[in-house]
Each structure stands twice: as structure tokens, then as C-alpha cells.
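**Q** Kindly produce the complete structure, drawing on both the sequences and the hints.
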Amino acid sequence: MASEAGGIDPIHQFEIARIGPSINVFGNDLSLTNSALFMIVAVVIIYFLMIYGTKSKSLVPGRLQSAAEMLYEFMADTVRSTTGKEGMKFMPLVFSLFIFVLICNLVGLIPGTFTVTSHIVVTFMFAMLVISTVIIYGFAKHGTHFFGLFVPSGVPALLMPFIVLIEVISFISRPISLSMRLFANMLAGHIALKVFAGFIVLMLSTGGAVIALTPLPMAMIVALYALELLVACLQAFVFSILTCIYLNDALHPGH
Amino acid sequence: MSAKTADDPDMSSKSSGPNNHDAELKARLDKLSGAIKAEIVHVEDERKSAAATTPAVGLGKAMGTGFRVTSELVAGVLVGGFLGWWVDRWLGTKPFAMLILLLLGMIAGLWNVYKIAMKPTGPGANDKTKS
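Protein chains in written order, with my numbering: chain A, 1 to 255; chain B, 1001 to 1131.
Everything labelled a hint here was simulated from the structure, so no lab data went into it.
Accuracy of the hints is not assured; some may be wrong.
Stated by the list, open to error - Think about it this way: if two alpha-carbon atoms lie no more than 27 Å apart in a straight line, the pair counts; the simulated BS3-like pairs of lysine-lysine are: (1) K85(A) to K1061(B); (2) K89(A) to K1061(B); (3) K1115(B) to K141(A); (4) K1061(B) to K1115(B).
Said to hold, decoys possible - Quick partial rundown of chain A residues pointing at chain B, CB under 7 Å, derived from the structure: (5) I169; (6) S170; (7) S173; (8) M180; (9) I221; (10) V238.
What the hints assert, rightly or not - Not close to chain A: a few residues of chain B, all C-beta gaps over 12 Å, as computed: (11) E1024; (12) L1032; (13) A1035; (14) A1038; (15) V1041; (16) E1046; (17) G1066; (18) E1072; (19) A1117.
Idealized CB from N, CA, C, for every residue including glycine.
**A** Here it is, written out as C-alpha cells:
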């Protein structure tokens, strides 16, 4: 499709490709893919930022140190204000998720790279990690009292089964909405960028007076890029704040 | 109130008549409750200004809420539809479970949006609103 239309296939950027030799362990394909490569890249960047950045431990922080400190303080404030003091034991989980999603989103914006978070498998596993933490911790701490999450008080007995069913559906929809929001935003943003880039190629190949119009999609790409930068940071933040809100349910299930 | 006056020898010794005493107490009560109200307003204002210190933070918060609301709506319908399809396949009640659960899914999505709009999120927010 890509070559015959003379344009660009906007979906091609999301294809998983194997890099290097194929590695098989007990019939499981464990070869390095471009997705795995960019996860490693993200982890290396995070390590560099966090370990090298905080190495000097100076009282007046340098650029890297202040970036690392600001990220940490920002997330610590978010966790503290959403889940309270007892929620701080989840800070490592929330912060890891936040920084990994953030760096993956930002790395994906560099042309030619692969966006790890544009695959629903990846984001769904993040969401399942969060939800299983909520469920396991909720049951471990509150036992059957955790079911109180599904039974709001002050509801007439007649409506109770109906409300409980709705609460259960809304609980099941949490990992779906959590993973879908991140994945869909990244996917849609990158497709939109590629489509507008494809317009330029199409216009140039058409030739004639149409070439004069090529700055229009170019300007659109610049605007979209700014928006995508905002969305990349925002989605990481929304993901982590929702993690906090769901963990808050595990810490304090209603009744 | 009476316990308070007994504890406060200063007040009871000063006031001569019972009427005068009551009026004095009432004035004091008004003053104190006025101070409490002013303090509450002050705290609320501070909280509001902290929530939106800069327009950029306000915009980020608003966009975050927007993303949350849209995905909640879609996810509710998806989960309801999937559960319905699954129950239909399991029990052989071809269209009915899906219809009912799809509707319930939509309601659940809307219910989540309602909760986002109405509920304060914070430590122990559940306990406060629901007890």
C-alpha cells in the first residue's frame, strides 16, 4: 500500500520488527524487537537522569539534578495529596510508572523512533499491574470489607442489585479506560502527524501550483507536534494520578 | 454554653446582671463564629488559588479531566458490550444479555463521569462523602 499509492503508510510506524538474531527459549520467541529496544532506551535514559543526575547531591542543584528532583517532588506531592500519607508506600510503583510512560512518550516523539506506549498490549499490562495491585492490596488489608467499594450507602434496597451491577461494570472498565486512553492518544497523535507529513509528499509529487500549498500541512505538523508534546506529558500525568485514585480506593474502600 | 461560663471566671465576675451577661456572651459568640467563617473562606480561597496557580496548570488539569471523561464513557460501553457478548455466548441468550449489559455499560460510564464531576478526590474522600 505504501509504495503503490506514492504516499506514506501511517500505520507502518507501529509495526513490530525483529532486530538482530532470533532467540528462542523453550519455544518462546524472545528476540529483541524495536519495541523492546526502545523500552531499553527509555530505561537507560531514566537511569541516566536519576542516577547520574543525583550523583553530585549538591545543595544548589544543577540542571539534571533539578530536573530529577522536580519530577520526584511533583509525583510525591501528587501521591500525598491523592492518597494521603499511607499512600506513600506506593510511591515507587507510581513514580516508576509515571517516569517510564513519560520517557516512552517523549522518546516516541523523536522522528524515526518507536512509540512503545502506542501498543495496547503495553498499556494494558500497565493498567493490569495497577488494578491487580489495588485488588490484592485491598483484599490483604481489608478482607471482604473491600467489597464495600461496590456497595454505596444510602441507596434504596430495591435499587441495590442494579447499583452493585453498575459499580462492578465501572470497576471492570477501569483497566480498559486506563489503558485505552494512553494507547489511543499516542496512536492517534502519531497517525495524525504521519498523515499530514504524507500530504506534503503527495503535494510535491503532484507538482504544479499545488507545491505552493505545502507550507500549510507543514505548519499543521508544527502545531500538532506542540500538542503532542503536551499530550505526551499529560497522559503520563493522568495515568499516574488515576493510579493514585485507584490505590486510594484500595486504602480506603468506602463501606 | 453554660459549662463555658462556669469555666471562665473572668466573664462571670465582670457581668453584673443576667441580661447583661447573656448579651455579652452573644456578642462574643457572634464575634467567634464570624472569625471561623472568615477563616473558612480564607482557607477555601487559598485552596482554590493553589489549584490553579498558573493558567498552564489549569489548562493541564482541565485537559486531563477531559481525557478521563471521554475514556470513561467509551470504556463503559465497551465493557458492557463485551460482557453482554460473553454472557450471550455462555448462556445462549443471543441478543438480550448484550442489550441489557450494553445499556448498563452506558449507565456505568455516565455514572463514572458523574462521580468525577461530583466527588472530591483525596485521602479518605470516600469516607467523608459516603458515611
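**Q** It remains to establish, for every hint, whether it holds in the given structure.
**A** We went through each hint and held it up to the structure:
1. K85(A) to K1061(B): holds, 23 Å
2. K89(A) to K1061(B): With a Cα-Cα distance of about 25 Å, the restraint between K89(A) and K1061(B) holds, given a limit of 27 Å.
3. K1115(B) to K141(A): holds, 25 Å
4. K1061(B) to K1115(B): It holds: about 17 Å lies between the C-alpha atoms, which stays within 27 Å.
5. I169: I169(A) check passes; min Cβ-Cβ to chain B is 4 Å, inside 7 Å.
6. S170: Hint holds; S170(A) Cβ to chain B Cβ min 4 Å, cut 7 Å.
7. S173: holds, 4 Å
8. M180: holds, 6 Å
9. I221: With a minimum Cβ separation of about 21 Å from chain B (threshold 7 Å), the hint on I221(A) is violated.
10. V238: This hint holds: V238(A) lies near chain B, its Cβ roughly 5 Å from the closest one there, short of 7 Å.
11. E1024: holds, 43 Å
12. L1032: holds, 30 Å
13. A1035: The claim stands: A1035(B) keeps its Cβ more than 12 Å from every Cβ of chain A (closest is about 27 Å).
14. A1038: holds, 25 Å
15. V1041: Non-interface label on V1041(B) holds, nearest chain A Cβ at 21 Å vs cutoff 12 Å.
16. E1046: holds, 14 Å
17. G1066: violated, 10 Å
18. E1072: violated, 5 Å
19. A1117: holds, 14 Å
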